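S.K.: Chain residues, written in single-letter form:
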Amino acid sequence: MADVGPSIGILPQIRAVAGLRWRILRNSLRKESHRLHVLGVVLGGILSGIVVLGLCFAFFAGAYACLSEGRPGWIGLLFWGIFLFWQLFPIFAAGFGASFEFRTMLRFPVNLTAFYIIGLAYGLADFSAVASVCWLASMTLGVAAAKPGVLPAMLLVVALFLLLNVTLERLVGSWLERLLSRRRTRELFFALFILSMVSLNLINPIVNRYGALLRPLASRIIPYFSWFPPSLAGKAVAAAAQAHFGGILAGSLGLLLYAAVFSFFLWHRFAAQYRGEQLSETAAPAPAVARPVANAGDAPDRLSALSPQVAAVVRKEFRYLTRNSFAFFTLIMPPALVLIFSSQFTGKHPTVSEHPISPEMFFPGIMAYLVLILMAPAYNCFAFEGRGIQTYFMAPLRFRDVFLGKNLMLLLVLAVEIGLSLAMLAWRIGLPPLPVLVATLAAIVFAVTGQLTVANWSSLNFPRKLEFGQIRGQRQSGMAVLMAFIAQIVFGGISAVVLFSGRWTGNRWLPAEAFALLAAAAVGGYFSSLDALSRLAEQKKEALIEALCR
Amino acid sequence: MPETAIRTQKLSRRFGNLTAVDGIDLEVAAGQFFGFLGPNGAGKSTTIKMLTGLLAPTSGSMELLGLDFAAHPVEVKRQIGVVPEGMGLLERLTGSEYLQFVGRMYGLDRATTQRRANELLDFMQLADRPKTLIADYSHGMQKKLALAAAVIHGPRILFLDEPFEGVDALAAGALKALLGRMTERGTTIFLTSHVLEIVERLCSHVAIIHKGRLVAQGSLEELRAGISGEVGGKTTLEEIFLSIVGQDGTERPHLEELSWLM
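Protein chains in written order, with the working numbering: chain A, 26 to 575; chain B, 50 to 311.
FYI, nobody ran anything at the bench for these hints, they're computed from the structure. Keep in mind that the hints are not guaranteed to be accurate.
Said to hold, decoys possible - Derived DSSO-like pairs (lysine-lysine); straight-line CA-CA distance at most 30 angstroms:
1. B:K260 <-> B:K283
2. B:K180 <-> B:K225
3. A:K565 <-> B:K59
4. A:K565 <-> A:K490
5. B:K59 <-> B:K260
6. A:K490 <-> B:K180
7. B:K260 <-> A:K565
8. B:K283 <-> B:K225
Given the structure is predicted, the values throughout are model-derived calculations rather than measurements.
Between the sequences and the hints, there should be enough to build the whole structure, so can you do that?
M.R.: Here it is in structure tokens:
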């Protein structure tokens, strides 16, 4: 009979998990192909360390000042800062950082208590927790230095505050995990996240316009914040500074109550996970659905002007775009940004500056900005193909058809976005004079077509797989980004010089004529590059497949 | 129809210092159900990738259906179907959309593509989830879809890399019947599998690759005769495989080292 291992205590298991986390970090740095990544991590670590250390001094000084200068109530603000950082930073990190799935621990003989403790310990190992603990320790030192008698109460409050925060952070993380376990929800979440970040630009105009109305509302809401944990912690420490025992007790009990409630909910979440809650959406049994008799083959083909292969790629690209909720939602961004910029810098908005930018300057600038944003994905255009890239190499086609299909779809998106932005500009500030309008449109054709040739070449040479609809752990191809940057500078520089030539020479139609010539050359160059790119694709197919099928 | 479906001469592929495939001479007759065997890392998938145009050989030549692959890649690809390692599916399409995409990539018209896609989805029992994305399919369902995509254009040679892995017994039975019918009608099937019983039951001819070299090739009867020295012997394919691949002793497990487990 096989030798079954002896029963193991909680502590060795926690030690083993801590060792695992360390090894995962160490091994991720050891990958030779990621030297620049290692450098980035090391530099990032040093910078983060400097920031955390600097803030340690700030928290120490803040706590010391609050108590020594007779304003102990203000210490609540410091607790608020730590609380917000501890709870919000992991939400951002959920979107942008790689993480370890600690539920894999369920494979091992771990009891629920150990699972719960390991879960909490994981929370304490996060960057936000480590930084917050450092800052709380600095505050404690500051309080001890200012009023040594407050130290016992401060230690009690900090311990409760720490327990409460780590529990709440794990609880929110666990709920978020549940929310984001479905692909669609995840994509929508990240799209809304990006949109809300963009919408921050609207705060200034809103405050300028409605600030007076918002102020009384804010003053009515603020008192309710005194019931939140950071305020309770601040009140308890302030009470200790004034030797008010009842205040210490009330604040500490409040914190304890919060910690107990969060622990109760977290225990239930972890218990559900421990029992084997499966959050993924893969292959759930579904009832049979009667499929209507398909007659799409009889319907007229809207893409009949294209070859079957190019039409197939265009359709596929369209479907991928509509299903990549994140990418799809970010298409709202350019027109939204045009609206924001036109509100802030031009002449028809109530919050306008004294010297609005004229449409003659604003229009080409905003169009260049649109091209800049919308062309960026083209430089790594196979990013979302994954293993499907093999289909292109197995099928009897020339790779030029794949590029044509992909580029056509991008041009369609560009046309829609530019059309929407044009309408937005016409509504907000009016269109520029005809020579500028024509020159700008010709410049777009020149810059876009010229960039497509470079972007196709870049996509073959510097492919990197990106996960569909995710930002989590995503990293663009560094060389593709560099290529995009260089190409944008070159095409943008040429366009700027040509555009200004009209002003310098006094011939208002000169830029339009020059751009028409450049656009014709760019279109010719694009079509003559396709066969060369087909040959290059054949040479690069192994690297392409290897990069995208990982 | 040419008599030889696949012929390679001194086909090699090196990755840096590693020679994954070392000068193999394969010959597969048209209409054969051909099993291509070898232990892990022997060079099976590398060979299939070269034969299907996913990987360029370092040296040597390949002829499929009498056409030099290097000179006529598009013509060759038009006549072959592939279930590659990892299946190569576009996971954000539905099964129906993917089959229509593949059909159009092979130049089929829309009506034919639609009809064949529906028939294949029915046959593979994938038709009851018309709106499910491939990313949400189970592994077995993805495998069935990859098979459907490989045959939608009616290929004359079908390359299958572990086609039955993860496929349930019911569907596997139907697939085997389909593949059998295809070979009867002249389609050549080139299959790799680690399940030797399946290969023994389906394939008439077998080749074994080991450490990049072709160490055996022929009909099952010829291989049996080569091992047991008698024609019509009852040696199983597993025994043939182990006797050929395990000859140098490197593949044999040393059970005595795991005494604590027994």
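S.K.: It remains to establish, for every hint, whether it holds in the given structure.
M.R.: The hints, checked one at a time:
1. For the proposed pair B:K260 and B:K283, the alpha carbon gap of about 27 angstroms is at most 30 angstroms, so the pair holds.
2. Distance check on the hinted pair: B:K180 and B:K225 sit about 28 angstroms apart at the alpha-carbon level, within 30 angstroms; holds.
3. Proximity of A:K565 to B:K59 is assessed by CA-CA distance (about 23 angstroms); at most 30 angstroms being required, the pair is judged to hold.
4. Taking the CA atoms of A:K565 and A:K490, the gap is about 15 angstroms. The hint holds against a cut of 30 angstroms.
5. For the proposed pair B:K59 and B:K260, the alpha carbon gap of about 15 angstroms is at most 30 angstroms, so the pair holds.
6. Pair hint A:K490 plus B:K180 holds up; C-alpha atoms about 25 angstroms apart against a cutoff of 30 angstroms.
7. Between B:K260 and A:K565, the direct Cα distance comes to roughly 26 angstroms. Compliance with the 30 angstroms bound is thereby established for this hinted pair.
8. Of the pairs offered as hints, the one joining B:K283 and B:K225 holds, with about 23 angstroms between alpha carbons and a cut-off of 30 angstroms not exceeded.
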